[in-house]
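Chemist: The primary structure of each chain is shown beneath.
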Amino acid sequence: MSIIAIPSLGNGGLNDQMSPRFGRCASFTFVEVENNEIKAVKTVPNPAANAMGGAGVQATQIIGNNGANAIIVGFLGPNASSGLNALNIQIFQAPNQAITIKEVLNLYLEGKLQTIATSNVASHYGMGGGGRGMGGGGRGMGRRNLP
Amino acid sequence: MNSKKSKIICITGGKGGTGKTLCAVNIAIMFKNEGKKVLLIDGDVENPNTYLLLNGKLENKKDVPFFKPKINEDKCSKCGLCAQNCLANALLHIKDAFPIPILTVCSGCQLCYKICPENAIEADSKTIGFIYSTKINGLSLFLGELMPSEARSAAIVEALLEKFEEILEAEPEKFDIIILDTAPGAHCDVELLIADADIVIPITEPTKFGKLDLIRIMELIKLLGKESRVIVNRSSLLGFREQFLKELEEENIKILGDIPLDSDIVESYCQGTPIMDSNSVFDREGAGYRAFNKIYENLKKWLEITK
Numbered sequence: 075m076s077i078i079a080i081p082s083l084g085n086g087g088l089n090d091q092m093s094p095r096f097g098r099c100a101s102f103t104f105v106e107v108e109n110n111e112i113k114a115v116k117t118v119p120n121p122a123a124n125a126m127g128g129a130g131v132q133a134t135q136i137i138g139n140n141g142a143n144a145i146i147v148g149f150l151g152p153n154a155s156s157g158l159n160a161l162n163i164q165i166f167q168a169p170n171q172a173i174t175i176k177e178v179l180n181l182y183l184e185g186k187l188q189t190i191a192t193s194n195v196a197s198h199y200g201m202g203g204g205g206r207g208m209g210g211g212g213r214g215m216g217r218r219n220l221p
Numbered sequence: 010m011n012s013k014k015s016k017i018i019c020i021t022g023g024k025g026g027t028g029k030t031l032c033a034v035n036i037a038i039m040f041k042n043e044g045k046k047v048l049l050i051d052g053d054v055e056n057p058n059t060y061l062l063l064n065g066k067l068e069n070k071k072d073v074p075f076f077k078p079k080i081n082e083d084k085c086s087k088c089g090l091c092a093q094n095c096l097a098n099a100l101l102h103i104k105d106a107f108p109i110p111i112l113t114v115c116s117g118c119q120l121c122y123k124i125c126p127e128n129a130i131e132a133d134s135k136t137i138g139f140i141y142s143t144k145i146n147g148l149s150l151f152l153g154e155l156m157p158s159e160a161r162s163a164a165i166v167e168a169l170l171e172k173f174e175e176i177l178e179a180e181p182e183k184f185d186i187i188i189l190d191t192a193p194g195a196h197c198d199v200e201l202l203i204a205d206a207d208i209v210i211p212i213t214e215p216t217k218f219g220k221l222d223l224i225r226i227m228e229l230i231k232l233l234g235k236e237s238r239v240i241v242n243r244s245s246l247l248g249f250r251e252q253f254l255k256e257l258e259e260e261n262i263k264i265l266g267d268i269p270l271d272s273d274i275v276e277s278y279c280q281g282t283p284i285m286d287s288n289s290v291f292d293r294e295g296a297g298y299r300a301f302n303k304i305y306e307n308l309k310k311w312l313e314i315t316k
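These protein sequence lines are chains A and B, in that order. Here my numbering is used: the first residue of the first sequence is 75, the next is one more, and so on. Here my numbering is used: the first residue of the second sequence is 10, the next is one more, and so on.
Just chain A, same shape as in the assembly (with noise of 0.2 Å):
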């Protein structure tokens, strides 16, 4: 059994879209999967969306604190990866589109994300607007494990 966390644009769930923001998205969905199966889903909103400063960190937390194995993101900050990293946490990167959260977990189950082991923006990246991300600029995503 395995916990997936995925950032959420809305009030997450499989229906939502998923948020190419991680530390300051407004939801995460958790999604218990097991013989990659879908088991059970939960939603959990994020209260570091509108942190002054440290949201990687803290969001970081409520991952940790809902016992999730891994995280699928879009854009990923310096502070966010040293913390997912101290937990053990894997990352995996979402591609540079707007998905479903269904979407992206079935190419997680699919083997089709790969993992990445830092952060793919700079701090701050993700504060403010709220659009800027998959799809747009997409600065990084996808291509950092290239071989």
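It is worth saying that the hints were derived from the structure and are not from the lab. Predicted model, so just to flag it, every value in this text is computed and none were measured. Each hint should be verified, as a subset may be incorrect.
Pairwise CB distance ranges, derived in the manner of DEER restraints [to be verified]:
no.: 1; chain 1: B; residue 1: Gly89; chain 2: A; residue 2: Ser76; range: 22 to 28 Å
no.: 2; chain 1: B; residue 1: Leu61; chain 2: A; residue 2: Asn162; range: 45 to 51 Å
no.: 3; chain 1: A; residue 1: Ala196; chain 2: B; residue 2: Ala132; range: 27 to 33 Å
We put the beta carbon where it would ideally sit given N, CA and C, even for glycine.
Chain A is already provided as a structure; the job is to place chain B on it using the hints.
Modeler: Same frame as chain A, now just chain B:
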């Protein structure tokens, strides 16, 4: 800072590249030429380069430590109080696990260290930069340097000011004139230095950027309740001098003087021999040399009335 014997003059300016360091170094040298005991403090800790303009070397390097929380796992009860109260969110705490400090976020406030009920957080430290103290041609220089990739530059400025205050306490008459050279911008590094000054000299240039950034720094100076007079550097740039001076007057900004474009200044800058050095070979009648002299005279008159 209450030593009324010495005068503290802060050179700042909002915009980068306006000539803050050039003015700070040459003003310091003009006081030194008159036999004053001068201390120059380079508080532009991300790009400290006064020593280059003075053609000197940095000496007496000292580490600047910065607080870093260290969890003593033998004492920690995993209660999470530290993480709940950390305003910077620099402690990652998962239930039933030891908190993990994320140092890139830590502001060094030490709250966790003070509130831990088990005294399980130890005050460790890491080096984030250095301060140097040296003497170049009779001019005392303190300089701060932040290590690349470190963010807490104000801690280096604070270390410089602490060292300075220690010296003033031990020997109040060691220096007659203290010149503070700030970083560009209107952030806390700059604010710390302006707050310590008796008078403030913002350096600007006759461009739109120059004016915009000058108005920002003037707001900060006003907030800190300091008197200021501006030097307009490169004032002959494209013939905008009169218009620019008039614009500053309309903003009720007082002028200390202006420095025209001058090849001697450029040469002195490139060679690291300050134009106002008593041994420099530059033309005493040149436009740049005369401009600095006039600024110095105006500055002395201003210091008289602020006594």
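Chemist: Are Gly89/B and Ser76/A spaced within 22 to 28 Å by their CB atoms?
Modeler: Because 25 Å falls inside the window, the suggested range holds.
Chemist: Tell me if the beta carbons of Leu61/B and Asn162/A are separated by a distance inside 45 to 51 Å.
Modeler: holds (47 Å)
Chemist: Given the hint of 27 to 33 Å, check if Ala196/A and Ala132/B actually sit that far apart at their C-beta atoms.
Modeler: Since the Cβ atoms of Ala196/A and Ala132/B sit about 29 Å apart, the hinted range of 27 to 33 Å holds.
Hint check: no violations occur; every hint is consistent with the structure.
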